[in-house]
Amino acid sequence: MPAIPAVKGTRDFYPEAMALRNWLYEKVRLVSRAFGYTEYEAPYLERLELYAAKAGEELVQEQAYVFKDRGGDLIALRPELTLSLARMIAARSRALPRPIRWWSFGPIWRYERPQKGRSREFFQWNIDLLGVESPEADAEIAAVAVALFRAVGLGPDKIRLLVNNRRVAEARYASIGIGPGQMPSALRLVDRRDKLSEADWRAYGVELGFSEPTLEGLVEVLTDRDAWKASDELRAFFEAASDLGVSEYLDFEPLIVRGLDYYTGTVFEARDIDGRFRAILGGGRYDNLVADVGGDRIPGVGFAMGDVTFGLLLEQAGVEPKRMDPPAQVLVCPIDEPASREALRTASRLRAAGVQVEWYPLPDRLPRQLKYADRQGIPLAVILGSREIEAGSAAVKDLRTGQQTQVPLAEIEGRLIEQLERLDPASC
RNA sequence: GUGCCAGUAGCUCAAUGGCAGAGCAUCGCACUGUGGAUGCGAGGGUUGUGGGUUCGAGCCCCAUCUGGCACCCCA
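Note that this note's numbering has the first sequence beginning at 46, numbered continuously upward.
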């Protein structure tokens, strides 16, 4: 039978990859909880119309996996999480105590052409603070992102958080003669600034209907790295970030405007210092989103971080994930037929005592069994053969020191637990 | 959805249009009651898939799939 290929753009999580995913999940969980955020989960399936209003044309029209269910409703595999969050918050907007600090880590689907750092099924950490409308709240979210960078060992020499503010940016665009109707075009043009050559960028600007003098003015605005100082909101943001101890990771960056339509104020994204990868995370303030999906007006700020690009960055930075599912603590090794039933009984008794026990599934040559334990990283072997059965004992071997002792079967649980406690806890 | 590049063993890669190979990994043996090392050996392939050209195709041509890169967009 020919092999059936995996679905394009999906990843198989073999145990090594699963270890990395669980490790990342654990870091995300610890960081989220350190700031008082609680975990939630939204459905993987949503009605398509949830995204229609605010997520952006492309995301809905081109990138969502959409199907019609048997009742005739158009259903999407969620292409982002923030609108699900907004829907859930809106449904209980009168009941939830505020501020609302929630986080989630789960799968997202986008029908895109896969390439490095981009797959069709990926995991995303989303963390959001709702019910507070202040630069300090934005700064807390930025600090959460920095806390993760620190937790995984990425210093400010490896990754930066680039910050801008849409409201401030639009006010400056207005000051050089860009009208309200031209704002979406202006944001698109700014977004392209470092992706196009100077000539192409200007041509694109003209195509969008901007005059040469306006483009000149825009270039000036975009190169003014001190523009944040003129904004009370951005000054308050950077001051709060300083109080939160994360300034060393932050840069004001006038080019950051973000693609999603729903951002209303602060916007930011994290980039690796070399610019080798796409954005590591992206987010911002969305003060109208909950109202837009039918709830009270509840302001919010948050970001999403995908596991694919972040994993590439970790790999490139040489960060080694620690296994979250360590091997069994003990391998029970039956070496001849008379010992095989005692091996099952011993394994069972040890498990009842709370020890993680793997059993070699057939009487076999001892070297093979020890080699297997060694490769799995199992620290202790309980060896059972006819000689041990006759003596009513087992041979317990510490694979790290090579030391071996005879232990009466009647006392084996206590003696093994003692021995496991003596092992270096950091290595288990 | 557009353009470009690439696909040979589980992995990394060889092979003028002329017998499909190596290293690593896996498994076995040396070693049937003591692991990591060493040595020897074995298994593993419709050369991504389907057509075409040719006496003969891993190699040339077309299509398709998958991956990578640039667009697009974005995590």
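Rather than coming from a laboratory, the hints here were simulated on the basis of the structure.
Treat the hints with caution; some may be incorrect.
[Said to hold, decoys possible] Taking CB as the label site, the calculated pair distances span:
| hint | residue 1 | residue 2 | range |
| --- | --- | --- | --- |
| 1 | V264 | G224 | 33 to 39 Å |
| 2 | P383 | P88 | 24 to 30 Å |
| 3 | Q421 | K274 | 29 to 35 Å |
| 4 | F80 | P453 | 15 to 21 Å |
| 5 | P152 | Q451 | 16 to 22 Å |
| 6 | F80 | S256 | 19 to 25 Å |
| 7 | A97 | R396 | 22 to 28 Å |
| 8 | D341 | A79 | 48 to 54 Å |
| 9 | G117 | F80 | 40 to 46 Å |
| 10 | G198 | D341 | 48 to 54 Å |
| 11 | G422 | G117 | 29 to 35 Å |
| 12 | P406 | E181 | 44 to 50 Å |
| 13 | R445 | E181 | 49 to 55 Å |
| 14 | R445 | E382 | 16 to 22 Å |
We put the beta carbon where it would ideally sit given N, CA and C, even for glycine.
For this session: Using the beta carbons of F80 and S256, state whether their distance is inside 19 to 25 Å or not.
Result: 46 Å, violated
Exercise. Measuring from beta carbon to beta carbon, are A97 and R396 in 22 to 28 Å?
Worked result: 53 Å, violated
For this session: Could you tell me whether the CB distance from F80 to P453 stays inside 15 to 21 Å?
Result: Because 52 Å falls outside the window, the suggested range is violated.
Exercise. Does the Cβ-Cβ separation between R445 and E181 fall within 49 to 55 Å?
Worked result: With a Cβ separation near 50 Å, R445 and E181 satisfy 49 to 55 Å, so the hint holds.
Exercise. CB of G117 to CB of F80, is that within 40 to 46 Å?
Worked result: Because 43 Å falls inside the window, the suggested range holds.
Exercise. Is it true that V264 and G224 lie within 33 to 39 Å of each other by Cβ?
Worked result: Once the Cβ atoms are compared, 19 Å apart, the range 33 to 39 Å for G224 and V264 is violated.
Exercise. Do the beta carbons of P152 and Q451 sit within 16 to 22 Å of each other?
Worked result: Distance hint for P152, Q451 is violated at roughly 51 Å.
For this session: Hint says 24 to 30 Å; check whether the CB-CB distance for P383 and P88 agrees.
Result: Distance hint for P383, P88 is violated at roughly 56 Å.
Problem set entry | Consistency of beta-carbon spacing, E382 to R445, with hint 16 to 22 Å | Hint violated: Cβ distance 30 Å, outside 16 to 22 Å.
Problem set entry | CB-CB spacing for G117 and G422 relative to the 29 to 35 Å hint | 53 Å, violated
Exercise. Range hint 48 to 54 Å: satisfied by the CB atoms of D341 and A79?
Worked result: Cβ of D341 to Cβ of A79: about 29 Å, so the range 48 to 54 Å is violated.
For this session: Using the beta carbons of P406 and E181, state whether their distance is inside 44 to 50 Å or not.
Result: Hint violated: Cβ distance 59 Å, outside 44 to 50 Å.
When held up to the earlier numbered hints, the structure conflicts with 1, 2, 3, 4, 5, 6, 7, 8, 10, 11, 12, 14 and fits the remainder.
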